[in-house]
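> Sequence:
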Amino acid sequence: QVQFVGSGGGLVQAGGSLRLSCATPGISFRFYTIGWYRQPPGKTRELVTTVTSGGITTYADSVKGRFTISRDSAKNTAYLQMNSLKPEDTGVYFCQVTSPGSNVYWGRGTQVTVSS
Numbered sequence: 315q316v317q318f319v320g321s322g323g324g325l326v327q328a329g330g331s332l333r334l335s336c337a338t339p340g341i342s343f344r345f346y347t348i349g350w351y352r353q354p355p356g357k358t359r360e361l362v363t364t365v366t367s368g369g370i371t372t373y374a375d376s377v378k379g380r381f382t383i384s385r386d387s388a389k390n391t392a393y394l395q396m397n398s399l400k401p402e403d404t405g406v407y408f409c410q411v412t413s414p415g416s417n418v419y420w421g422r423g424t425q426v427t428v429s430s
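Residues 315 to 430 in my numbering are what the sequence shown spells out, letter by letter.
Hints were generated in silico from the structure; no laboratory data involved.
In this text, a Cβ means the ideal position worked out from N, Cα and C, and glycines have one as well.
All the given hints hold, so there is nothing to weed out.
Taking lysine-lysine pairs in the DSS-like style, the calculated list, with each CA pair at most 25 Å apart, reads:
no. : residue 1 : residue 2
1   : K400      : K378
2   : K357      : K378
3   : K400      : K357
Restraint-style ranges between C-beta atoms, simulated for each label pair:
no. : residue 1 : residue 2 : range
4   : R380      : Q353      : 10 to 20 Å
5   : Q317      : K400      : 24 to 34 Å
6   : V319      : T366      : 17 to 27 Å
7   : Q327      : T382      : 15 to 25 Å
8   : S331      : T371      : 15 to 25 Å
9   : S398      : G340      : 31 to 41 Å
Between the sequences and the hints, there should be enough to build the whole structure, so can you do that?
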C-alpha cells in the first residue's frame with residue numbers, strides 16, 4: 315500500500331485559485347507517473363492532468379491554460395495549481411500514482427468547491 319498525504323482543497327469563488335498537494339512519504343515516486351483526476355457531483359471520475367517521470371504533461375481541454383501540474387521528486391510531492399476556477403471545476407480531486415510496473419495507487423480525494 316502507498317500512503318498519501320494530501321492538502322489544499324476547499325471553497326473558493328469563481329475566478330479564484332487553489333493549490334492541491336499530494337505527498338507519498340513512504341515511496342520514492344521519481345520514476346512514477348503522477349495524475350490528478352476529479353469527480354464532479356453526480357458524474358464519473360475524469361482525468362484532469364498527468365505528468366510523467368520525464369516531465370511530459372497532458373491536460374484535459376477543459377483545464378488547459380488554467381491548471382498546472384508539477385512534481386518535486388525530492389519531496390515525493392505532486393502539486394496541482396488551479397487558477398481562474400469555474401463552478402464546473404467543482405468536485406472531489408484525486409491524486410494517482412502509477413509505478414513503472416503499472417501498479418496504480420489512488421489518494422483519498424479532496425473536495426474542491428467553486429461558488430459562482
